[in-house]
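S.K.: What follows is the residue order along each chain.
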Amino acid sequence: MTTRWANRVYALIVAFYPRKIRKKYAAAMKLLLDDMLEDPGTPKRRVWMALLNDVANLVGGLRFGALLGALFGVLVVLIWYVGRSDIVPLDTMMGLVLMSALFVAAGFTGARRSGTLAGGIWVGFVAGLVSAVTVPGDYLLFHNFPFYDPMSFVFTMAISVVVVMLFVLLGASAPGFSRYRHRVGRSAGAFAGAWRQEPD
Amino acid sequence: MSRERQFTKPGSPLTAPVFYILLSLSIRDRHGYDILKHVEESSEGRIRLGPATLYTALKRLLDAGLIAELEPDPEQDPRRRSYRLTPPGRTKLKAELTRMDQAIVLAGARRIRARS
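Chains as they are written, first to last, in the working numbering: chain A, 1 to 200; chain B, 1 to 116.
Mixed in with the good hints there might be a few duds.
With a cut-off of at most 16 Å between alpha-carbon atoms, the simulated EDC-like pairs for lysine to aspartate or glutamate come out as follows [claimed, not checked]:
1) A:Lys30 - B:Asp77
2) A:Lys24 - B:Glu71
3) A:Lys20 - B:Asp63
4) A:Lys24 - B:Glu69
5) A:Lys30 - B:Asp34
6) B:Lys37 - A:Asp149
7) B:Lys37 - A:Asp35
8) B:Lys37 - A:Asp86
9) A:Lys24 - B:Asp63
10) B:Lys37 - A:Asp39
11) A:Lys44 - A:Asp34
12) B:Lys59 - B:Asp73
Keep in mind the hints are simulated off the structure, nothing from the lab.
Working from the sequences, and respecting the hints, build out all of it.
M.R.: Quick look at the structure:
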């Protein structure tokens, strides 16, 4: 493997790493690869193994978040199925509340695990993708397709996506709430004070 | 738990790559490639890090305050980054070594024999 090809391949791997890592360490990572290639004591297969290791860690980080999201998505599908098929008498509103809570939990869990808002959104996004199976499931299993035309279907799906991601965002921002709770508390206090002083 | 908190929470074990990184920095200050080589040698080839994996771990250790980045050496490539173990990092490493010692003593006390 020539040095030029190794550098090209590695630049591609680095491009997929999180922005925080890439911005600060991309140059240092590429220099380290150069050091490995120039070291006569490092066999070329060792360099390939290092590149594969980096790809595996990149994929592994994303994959675990995806697994977590899929788990939440499956739980949402389970609630939908239980409610739809009357296995357990489940009020529609209760079902929606439970599903919403699961999306909030997905965002929260992802954000807590990764320490970033993006991590929480990723888990929630995957949960949403998996739970989307309820749409064809409603049609195939329960012969329910309450859409008049393709546009109403697209519009309803778009609104559902927005609502789901809002719940996910709520959950994902919760772990970082302590950083700005004082400002929120001050604002709430100022609003309450202004409310009390409102003349009759 | 976020990945930085897993380093700072008392009693939480370190992963093998992080342990060897801290061990290599406990001997002297090192730059990235030096850390990578030392980790591979001291783990007898069991821990082989790639550049991105190493710097991801170093970033987490920096964020947790266990290591510190040194000022770049003007005589060296400006891209080269060197690191030093901080006092909290040294404390964490010592705690991990104590935990390992206790595990070995416990295993000996229960007369567990490894099958060769």
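S.K.: Each hint needs a verdict: does it hold in this structure or not?
M.R.: Checked hints:
1. A:Lys30 - B:Asp77: Answer holds: Lys30 of chain A to Asp77 of chain B is near 12 Å, not above 16 Å.
2. A:Lys24 - B:Glu71: At roughly 15 Å apart (the allowed maximum being 16 Å), Glu71 of chain B and Lys24 of chain A satisfy the hint.
3. A:Lys20 - B:Asp63: Since the Cα atoms of Lys20 of chain A and Asp63 of chain B sit roughly 12 Å apart, the hinted pair holds (cutoff 16 Å).
4. A:Lys24 - B:Glu69: It holds: about 12 Å lies between the C-alpha atoms, which stays within 16 Å.
5. A:Lys30 - B:Asp34: 15 Å, holds
6. B:Lys37 - A:Asp149: Judged against 16 Å, a Cα distance of about 63 Å means the pair is violated.
7. B:Lys37 - A:Asp35: 11 Å, holds
8. B:Lys37 - A:Asp86: 61 Å, violated
9. A:Lys24 - B:Asp63: Answer holds: Lys24 of chain A to Asp63 of chain B is near 13 Å, not above 16 Å.
10. B:Lys37 - A:Asp39: 11 Å, holds
11. A:Lys44 - A:Asp34: Holds. Lys44 of chain A to Asp34 of chain A sits at ~12 Å (cutoff 16 Å).
12. B:Lys59 - B:Asp73: Roughly 20 Å separates the two Cα atoms, so the pair is violated.
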